[in-house]
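Listed below, chain by chain, are the residues.
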Amino acid sequence: MAAREILQGTAHKFGDNVNTDVIIPATHLVSNDPVVLGKNLMAGQDPGFASRVVEGDIIVGGENFGSGSSREHAPLAIKGGGISAVIAASFARIFYRNALNVGLPLIESQEASAAISDGDQVVVDLGSGRIEDVTTGKTFDVPPYPEFMQRIMDAGGLIEYVKKEM
Amino acid sequence: MSQTRRILAAHAGRDSLTPGEFIEIPVDLVLANDITAPLAIEEFGKLGVAGVFDRDKVVLVLDHFTPNRDIASADQCAYVRRFALEQKISHFYDGGEVGIEHVLLPEEGLIAPGMVVIGADSHTCTYGALGCFSTGMGSTDAAAAMATGKTWLRVPDAILVKLTGRPHRWVGGKDLIINLIGILGVDGATYASLEFDGPGVENVSVEGRLTAANMVIEAGAKNGIFPADAAAVEFLRGVGVKASESGIEPDEHGYLRQIDIDLSAMEPQVALPSLPSNAVAVGEAPHVKLDQVVIGSCTNGRLEDMRLAAQVLKGNKAAPGVRLIIIPGSPRVYRTSMAEGLFDIFLDAGAVISPPTCGPCLGGHMGVLAAGERAISTTNRNFVGRMGSRTSEVYLSNPAVAAASAVTGTITDPGEIV
Chain Z
1098 MAAREILQGT AHKFGDNVNT DVIIPATHLV SNDPVVLGKN LMAGQDPGFA SRVVEGDIIV
1158 GGENFGSGSS REHAPLAIKG GGISAVIAAS FARIFYRNAL NVGLPLIESQ EASAAISDGD
1218 QVVVDLGSGR IEDVTTGKTF DVPPYPEFMQ RIMDAGGLIE YVKKEM
Chain C
770 MSQTRRILAA HAGRDSLTPG EFIEIPVDLV LANDITAPLA IEEFGKLGVA GVFDRDKVVL
830 VLDHFTPNRD IASADQCAYV RRFALEQKIS HFYDGGEVGI EHVLLPEEGL IAPGMVVIGA
890 DSHTCTYGAL GCFSTGMGST DAAAAMATGK TWLRVPDAIL VKLTGRPHRW VGGKDLIINL
950 IGILGVDGAT YASLEFDGPG VENVSVEGRL TAANMVIEAG AKNGIFPADA AAVEFLRGVG
1010 VKASESGIEP DEHGYLRQID IDLSAMEPQV ALPSLPSNAV AVGEAPHVKL DQVVIGSCTN
1070 GRLEDMRLAA QVLKGNKAAP GVRLIIIPGS PRVYRTSMAE GLFDIFLDAG AVISPPTCGP
1130 CLGGHMGVLA AGERAISTTN RNFVGRMGSR TSEVYLSNPA VAAASAVTGT ITDPGEIV
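If you're matching them up, the sequences are chains Z and C in order. The first sequence: position 63 = 1160 (the numbering used here), numbered continuously. The second sequence: position 227 = 996 (the numbering used here), numbered continuously.
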């Protein structure tokens, strides 16, 4: 993933506390393949969800998105399921870190999380930190990642970052 | 400084640290299990290093889907097993040596105050009960640490949890933490450390502290930490670890928040479906009909938990229609429970005694719930579908409440049974 690209897709709206058992139930944690995991994306809440995602779509969550277990399979399933980014009011700590490590863009914005409706067309400009809800015409500016994390993003994830540092 | 920042500063070679700053520090132990290690090993392979940074400081435990529930999980374990043998990992737990990781590691003498422990498992925060910094991360973070012996961290703010009072007979670490999560909410401590202190600490057993620290992640915390007091030092001596007492020093940055908890006023707690923060006193829990009771897990699979369950179950039977599953958390807990005669009590009560495994806690195997079923469980998460069907329900409690509920078939205060 290029760290500062422009993403566009349809918003899929979820509520608060979307946990990793919702994102990918533990029973499916017998593969590390993002595409295999992606087939059961959000199966803990909506088993038909994965089949409705179009490549590039965006998940919009509420508070504490990604809470629960440390399974990196969660951001992998989101990526493998065809989702290009997650916008949420707030993220759980381990999920945030895992997403950074695997190169899944996360955008924290209470305003965008509240204002975007299910089915809206959304554009995320990772370089400028701007979210646009094309359907409603509203825009939201989000602060950049902390500089240390941006270096990991720019490297293309933690493994590439560590290789450069070693 | 807070106890957490003191440990992180010592590892960073600094006199002090400010919350919010990023540091890269050496780690003393890296943990992964049969779910998270395969992905960590894959990522480790991409780093192009010959071996792990220290074969004595990487711990691999095959505890989640073991004894293997299906071919896919067997393949995952085989992959980890090959890596462990190739890398000559000293602390690799397989077969009859397997315990549930967070029950096992303290027993094995692998945890000491002042350490920095990271694990590819969210409940790695358990070890803070023994005065160390420990936190859960993902597989890639574990892979990087396995290769380099280092990790990066954002220095956390601290929330002080001040304990006073002596809890009554059926109240312990589980009730303390469910109550606290109820106060904080499931994201009330996100990015922060939860630091337990106060005169009430000595009234919580070391095993109860392990239970409490285990669930700080359920409030979003980065880590939880207790002072390594005389009881902790004694516990550590028992597992062959020499340690000295350490407490919390005054924190010049202050705390984000202070929460005061009087243990003497607390009733046994139950977390209602489907968040650990839905805390109520056992007397206020609804009288639902239960299908299953699970006593075990990294939260409550220790010897004290087995003894508490046995005190309630002695001379009693699980109610008709209730499946009672008891999971001693490690080979040592298993053997000691057997030697103390607890297994006779459990079997007389109609329980299934499982080998140590995470199994049903995460809906893996050994007690998955059917559609519409209800369970009370001493585990740590009651999310929708956590133990099986999306329409099943999980109530969380301590082992005594779970045992009493098995006897009556509905959520019950152990005081009514014993």
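These are calculated hints, taken from the structure and not from any lab test. This structure is a prediction, so every number in the text was calculated from the model and none was measured. One or more of the hints may lead you astray.
[Stated by the list, open to error] Lysine-lysine pairs mimicking BS3-like chemistry, simulated, CA-CA at most 27 Å apart: (1) C:Lys-1083 to Z:Lys-1260; (2) C:Lys-1058 to C:Lys-1083; (3) Z:Lys-1261 to C:Lys-815; (4) C:Lys-815 to Z:Lys-1136; (5) C:Lys-919 to Z:Lys-1261.
Hints, one by one, checked against the model:
1. Taking the CA atoms of C:Lys-1083 and Z:Lys-1260, the gap is near 58 Å; set against the 27 Å cutoff, the hint is violated.
2. For a cut-off of 27 Å, the pair hint linking C:Lys-1058 to C:Lys-1083 stands: about 22 Å separates their Cα positions.
3. Distance check on the hinted pair: Z:Lys-1261 and C:Lys-815 sit about 12 Å apart at the alpha-carbon level, within 27 Å; holds.
4. For the hint linking C:Lys-815 to Z:Lys-1136, the alpha-carbon distance of about 25 Å falls within 27 Å, and the restraint holds.
5. A threshold of 27 Å between alpha carbons decides the hint, and for C:Lys-919 with Z:Lys-1261 the separation of about 14 Å falls inside it, so the pair holds.
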